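Chains A and B, in that order, give the protein sequences. Here the first sequence is numbered in the numbering used here, starting from 624 and rising by one per residue. Here the second sequence is numbered in the numbering used here, starting from 27 and rising by one per residue.
Treat the hints as calculated values from the structure; they're not laboratory data. Model, not experiment: these values are computed from the prediction. Each residue gets a CB set at the ideal place from its N, CA and C atoms; glycine is no exception. Hints are supplied without guarantee of correctness; some may be wrong.
[Said to hold, decoys possible] Pairs of lysine to aspartate or glutamate residues, derived as DMTMM-like cross-links and limited to a Cα-Cα distance of at most 25 Å, are as follows:
1. B:Lys226 x A:Glu1046
2. B:Lys226 x A:Glu828
3. A:Lys801 x A:Glu844
4. B:Lys226 x A:Asp953
5. B:Lys226 x A:Asp950
6. B:Lys234 x A:Glu1046
7. B:Lys178 x A:Asp1015
8. A:Lys1111 x A:Glu828
9. B:Lys178 x A:Glu961
10. B:Lys322 x A:Glu892
11. B:Lys234 x A:Glu1005
12. B:Lys226 x A:Glu920
13. B:Lys234 x A:Asp932
14. B:Lys226 x A:Glu892
15. B:Lys234 x A:Asp950
16. A:Lys964 x B:Glu175
17. B:Lys234 x A:Glu828
[Claimed, not checked] Across the chosen pairs, the derived CB separations fall in these ranges:
18. A:Val679 x B:Asn207: 57 to 67 Å
19. B:Gly115 x A:Arg942: 42 to 52 Å
20. A:Val717 x B:Val133: 55 to 65 Å
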Amino acid sequence: MALKTAILRMQGISKSFPGVKALKNVTFEVEKGTVHALIGENGAGKSTLMKILNGVYQADEGDIYLDGARVTIPNTRAAMNLGLSMIYQELNEVPEMTIAENIFLGREPKTKLGTVDFKKLYDDARQLFASFQFPYDVYDKMKALSVANMQMIEIIKAMSRNAKLIVMDEPTSSITDKEVGILFDFIRRLKQDGVTIIYISHRLEELAQIADRVTVLRDGETIDTRPMAELSKDEIVRMMVGREMTEYFPKVEVPIGEEVLRVRGLRCEGVFHDVSFSVHAGEILGIAGLIGAGRTETLGAVFGLHPYDAGEIVLDGKRIRIRGTRDAVDHGIVMVPENRKAQGAVLIRSVGENITLPHLRRYRHYCLRTKAERGDVQRQIERFRIKVPDMDCRVDSLSGGNQQKVILGKWLLVTPRVLILDEPTRGIDVGAKHEIYKYMCELAAEGIATIMISSELPEVLGMSDRILVMANGRITGELSRAEADSEKILRYAMEGT
Amino acid sequence: MNKKISPMQILKRYGIILLLILLVVICSILSSNFLTPTNIFNILKQISVVLIIAYGECLLIIAGQTDLSPGSVLCVSGVLSAMAFVGTGSLVLAIVVAILVGALAGVCNGFFVTRYALPPFIVTLGMQITARGIALFVSHGAPVVIGQESFKILGQGSLFGVPNVVILAAVLFVVAWFVLNRTSYGRYIYAVGGNEEAAKASGVGINKVKVIAFTICGALSGVAGFALMSRMNVGQPNAGVNYEFDAIIGVILGGASFSGGIGTMFGAVVGCMIIGVLNNVLNLLNVSPYIQQIVKGLLILIAVVADAKSKGQGGKSILMSKFQKKKQEQA
């Protein structure tokens, strides 16, 4: 169903990364002068596809046609020259420079002497502002603008480079509703001028307002491209998740015991609000939601990594105060962080040192490296079958799966009361994943209360006894293992967005 | 990657020593006065003060921090200590004053670095200038003259022919080594320098660890200040300039990484000895002090290049990476 007026046609695009096939024979077509939404779950391949279009990645297979002509895009500069522009979630502006300077950064007009021609720079900027009816002064500093306005500046910048096609990655993720309206007006004006927009977003309500057509990606494949007007929200959700559960989860249901941890009204202004939940001994509580829903921050607060303004944390019926990670560890609340490299382990130190780091008080303070310490480390290495030449080798010499097991070994040297796992299987191979699931079940059987944050729906559904869904820093739904399915979770995850 | 690498690991650990031995051999050939007991004790005496500072710097650099103030802190502690001694005649009080003043400067450094999340470079540079100013102010810019002989006991006395200050440096080395290698605090130092976020997420109170490290470095600067003033038997407000740089160069030369998480006390000592030997032999050979400075400057560059090159390769010392290259070429 080739479109007659297709400005862009990406055909048969495949792309693999070590261990993952990110895109499988994806075809993606965009009509000129439309707003085309690209949606899919976390990890469906949206970003990879757009990075290929923008020259950040190279496709392993497949062709890109622009206005009917085949093009190669070896780098971002080539993409820019072809009139392609990408606006990322994180903007890269220089806050202390004026708006005009930001627009022409790196390509300032020059005088004959080779100095910057500021007169022309500001004149050009003023012209751009006028043509886009942008109500700011070109001499204003960039930092005076709101995020939405900065985004518009990014668009203006793209337009000043004669962009024909602009990709916007979650442009509304960090702006207010009012600003969304301003941004949408702006996008509609661009459309009238014949500019094409590819719009990546999770927010289905917004798509209904702005998008003409929508393409759904799932697990690196194109599911369908349909006019937005034909689709209901439910249909889109179904297209996004309609996958068979091919992965096998070694879930063992164990009797659920007493309540271990209860969180009441936990709040951090602007990050998470009135979060209340509880978790019981032997239970695996899954926390689902889209990236940016505030899950990591909320549980980070329970572990003392993230500040909170109000709320209480109750352990075994007693209210406890968590002012830092030390307090949490002392109370037996531990957390395996989402980002292994940044927070999980001290990569340049040894496996042994990492495993005993939180527990050094167990040994005689003034005499470490004793048999007791090394014995404990050896036990953890054997228990979690960590593949290491010896306990003195550096953590960064291990594979991702083994690194994750080192972190597990660290927190389970002393049996915790509450184990928080943040994306426990992200970026590790299938074998190690399966092992980690098995350990989770074993630990639950020991009576540890487990909280698992995960963006992978099959994992959440396969491993959890109970599932909480968060959106915009609030809990929007709670589902038992029996009643949960992908559609319900996704519907809750998109609630209020 | 298990047994095969062990000769390399030996080299990695002892490469810096080989460099020192090589340097000693070359020096003995170049100057007949070099390898005499008098000269050796002379070198040791000279480096003792820098060594005492280097233990503190070593802790800080491994923790991913740095301290530019010890030279000045040493001076203000030494001067105040000398004044206390002149005022009361109590040697004990003089020593206590030196240590306390140093520790106080260290606490201040640590407080500003952790409380306001400032870079140690700037904070300790401020301390360097402030401390020097205080030393000059309290002494009115003139040396504090000490009449009695007893003040000299640490700097000029000796026990069984070994200078007291060398004994002190040796004892402090053992303590410092123990703290770094055998206590929880030492582990925290490595963890904070290796990955601050991960240390925090493992329940380590990173700010406490840093403040203590700055305090130790300050207290050691105080001890060094007393040792130096005692050797000169005068409270000299211009003493100790750039001592922190000698200490830092020694620590880095000894295999510590400026980005933190890697380094040893032993390496720091050997690194300082290399500098001491180099200074000494250049003096013995009557090399102009200007050229000495050039040599030292180049040494810093070499040390930093070696640090950068070894990044991500397990923090090998300079010699190590050279040997490895040779081996790779042969293979």
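How the hints compare with the structure:
{"no.": "1", "hint": "B:Lys226 x A:Glu1046", "result": "holds (19 Å)"}
{"no.": "2", "hint": "B:Lys226 x A:Glu828", "result": "violated (40 Å)"}
{"no.": "3", "hint": "A:Lys801 x A:Glu844", "result": "violated (35 Å)"}
{"no.": "4", "hint": "B:Lys226 x A:Asp953", "result": "holds (14 Å)"}
{"no.": "5", "hint": "B:Lys226 x A:Asp950", "result": "holds (12 Å)"}
{"no.": "6", "hint": "B:Lys234 x A:Glu1046", "result": "violated (30 Å)"}
{"no.": "7", "hint": "B:Lys178 x A:Asp1015", "result": "violated (46 Å)"}
{"no.": "8", "hint": "A:Lys1111 x A:Glu828", "result": "holds (17 Å)"}
{"no.": "9", "hint": "B:Lys178 x A:Glu961", "result": "violated (59 Å)"}
{"no.": "10", "hint": "B:Lys322 x A:Glu892", "result": "violated (54 Å)"}
{"no.": "11", "hint": "B:Lys234 x A:Glu1005", "result": "violated (34 Å)"}
{"no.": "12", "hint": "B:Lys226 x A:Glu920", "result": "holds (15 Å)"}
{"no.": "13", "hint": "B:Lys234 x A:Asp932", "result": "holds (24 Å)"}
{"no.": "14", "hint": "B:Lys226 x A:Glu892", "result": "holds (23 Å)"}
{"no.": "15", "hint": "B:Lys234 x A:Asp950", "result": "holds (14 Å)"}
{"no.": "16", "hint": "A:Lys964 x B:Glu175", "result": "violated (58 Å)"}
{"no.": "17", "hint": "B:Lys234 x A:Glu828", "result": "violated (48 Å)"}
{"no.": "18", "hint": "A:Val679 x B:Asn207: 57 to 67 Å", "result": "violated (46 Å)"}
{"no.": "19", "hint": "B:Gly115 x A:Arg942: 42 to 52 Å", "result": "violated (58 Å)"}
{"no.": "20", "hint": "A:Val717 x B:Val133: 55 to 65 Å", "result": "violated (38 Å)"}
Comparing the model with each earlier hint shows violations of hints 2, 3, 6, 7, 9, 10, 11, 16, 17, 18, 19 and 20; every other hint is respected.
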